[in-house]
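Here the protein sequences come in this chain order: S and X.
Just so you know, this note's numbering puts the end of the first sequence at 94, numbered straight through with nothing missing.
Just so you know, this note's numbering puts the end of the second sequence at 424, numbered straight through with nothing missing.
It should be emphasised that the hints constitute simulated quantities derived from the structure, not laboratory data.
Be careful, since some hints might not be right.
To be verified - Cut-off 20 Å, straight-line C-alpha distance, at most; resulting in silico cross-link-like pairs (DMTMM-like, lysine to aspartate or glutamate):
| id | chain 1 | residue 1 | chain 2 | residue 2 |
| --- | --- | --- | --- | --- |
| 1 | X | K281 | X | D352 |
| 2 | X | K420 | S | E32 |
| 3 | X | K415 | S | E55 |
| 4 | X | K416 | S | E32 |
Unchecked claim - Facing chain S, a subset of chain X residues (Cβ under 10 Å, in silico):
| id | residue |
| --- | --- |
| 5 | E131 |
| 6 | W135 |
| 7 | D138 |
| 8 | A142 |
| 9 | D184 |
| 10 | G187 |
| 11 | Y193 |
| 12 | S194 |
| 13 | R203 |
| 14 | P344 |
| 15 | A411 |
| 16 | R414 |
Bear in mind the structure is a predicted one, so any value in this text is a computation, not a measurement.
C-beta atoms are modelled at their ideal positions from N, C-alpha and C, and glycine is treated no differently.
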Amino acid sequence: MKNEWPLWEVFIRGQHGLSHRHVGSLHAPDAETAIRNARDVYTRRNEGVSIWVAEAAHIAASTPGDKGPYYDPSQSKVYRHPTFFDIPDEVGSM
Amino acid sequence: MYAQMIKTARAGIKTRDEMSDLERDFQDKIDRDIKIEPRDWMPDDYRATLIRQIGQHAHSEVVGQLPEGNWITRAPTLERKAILLAKVQDEAGHGLYLYSAAETLGESRDELTRLLHEGKMKYSSIFNYPTLNWADMGAVGWLVDGAAIVNQVALQRTSYGPYARAMVRICKEESFHARQGYHAMMKMAFGTPEQKAMAQSALDRLWFPSIMMFGPSDAESTHSEQSMAWKIKVKSNDELRQQYIDQTVPQIEYLGLDLPDPSLKWNEETGHYDYGEPDWSEFFDVIKGNGPCNVDRLRNRVKAWEDGAWVRDGLMAHARKKAAAKVAAQ
Ligand SMILES: [Fe+2]
Ligand SMILES: [Fe+2]
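Kindly produce the complete structure, drawing on both the sequences and the hints.
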């Protein structure tokens, strides 16, 4: 049996009120150890107040080939942006 | 540097006409400074070259712990000991960031480790020199990490996203390394005559090995061209070396130490310091495995890996057992 520890992706909440952000990855035998190791590797200088880990093998991702079909259509929908609408100054801030 | 003499997987550069459509798109992205990400298409040679470079960089961070680890138990004060421990721990983290970046290219960390242990991959030549006195700890942080910073700051703009991001993290931590080293050096250089002599000895011994870290002159490095075109390498060896020397000489002068090379002179015309060529035959000899500490360093790495095997295997077996019990209970 292959004995390399599985890979975990590490997400850190930098400050209270912010969302968790991907910061890197590490190997660990289980989730508990992954969190402990993430503490040692990724938060030695006050970088975080909370840690999530997820086994890399369980993360699903879109493929680079989807880029066109996925994101191009949103470029033609300029009316989704507030700047599309001219509102007279007299109306006040909106 | 931490990655030296990296052989680009192919010789020469393809012209645009010789490129396939995929290769042309890829080169266009690089030219427009769009980062390449793990699942993007990339030429096999780009992938192979990156694995070699990032792998060697990672090995250097890890092996680089040994010359400093040598002094942890003998640091002169508890504060210096804590600082050195923190610094060496950072280097382990740097190794991890870099192995992780290499893994996104499909090369496992265990495989890279195996290649290192079998002598099929290298680490930086600098870590094959011994650290003989306490001032060497100052000089290593100041000169060796200082050289690494020059290289790594440039690499923050490298074309492969995970490698560039690892460099950003590493650079944030490196200035602590250089500053703690220079601070220790100041203590020694401004101390008793004996301390000052130790500082001078450290500088004299580590100067040429440090400027050799950037690798031989570009005129001689046959593999730079493709790596530059792919922006795996961002600046030439000579450019980085000059930048390093220009910033370091005034720091030597501040310490009141003698210059380690009589050829070091300010050149009004070029606006840079002239310097003496290091002995490149020594460099190639060290790279080949004949430096003062090559055998020792590798033996220690292999021993640490083998001695730790039962811990790695035991924890994995325990995790599997726990996972199986959880499934059975459901
Ligand atoms: Fe480092
Ligand atoms: Fe460092």
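Here's how the hints hold up against the structure:
no.: 1; hint: X:K281 x X:D352; result: holds, 16 Å
no.: 2; hint: X:K420 x S:E32; result: holds, 15 Å
no.: 3; hint: X:K415 x S:E55; result: holds, 17 Å
no.: 4; hint: X:K416 x S:E32; result: holds, 12 Å
no.: 5; hint: E131; result: holds, 7 Å
no.: 6; hint: W135; result: holds, 7 Å
no.: 7; hint: D138; result: violated, 17 Å
no.: 8; hint: A142; result: violated, 20 Å
no.: 9; hint: D184; result: holds, 8 Å
no.: 10; hint: G187; result: holds, 5 Å
no.: 11; hint: Y193; result: holds, 9 Å
no.: 12; hint: S194; result: holds, 5 Å
no.: 13; hint: R203; result: holds, 7 Å
no.: 14; hint: P344; result: violated, 29 Å
no.: 15; hint: A411; result: holds, 9 Å
no.: 16; hint: R414; result: holds, 8 Å
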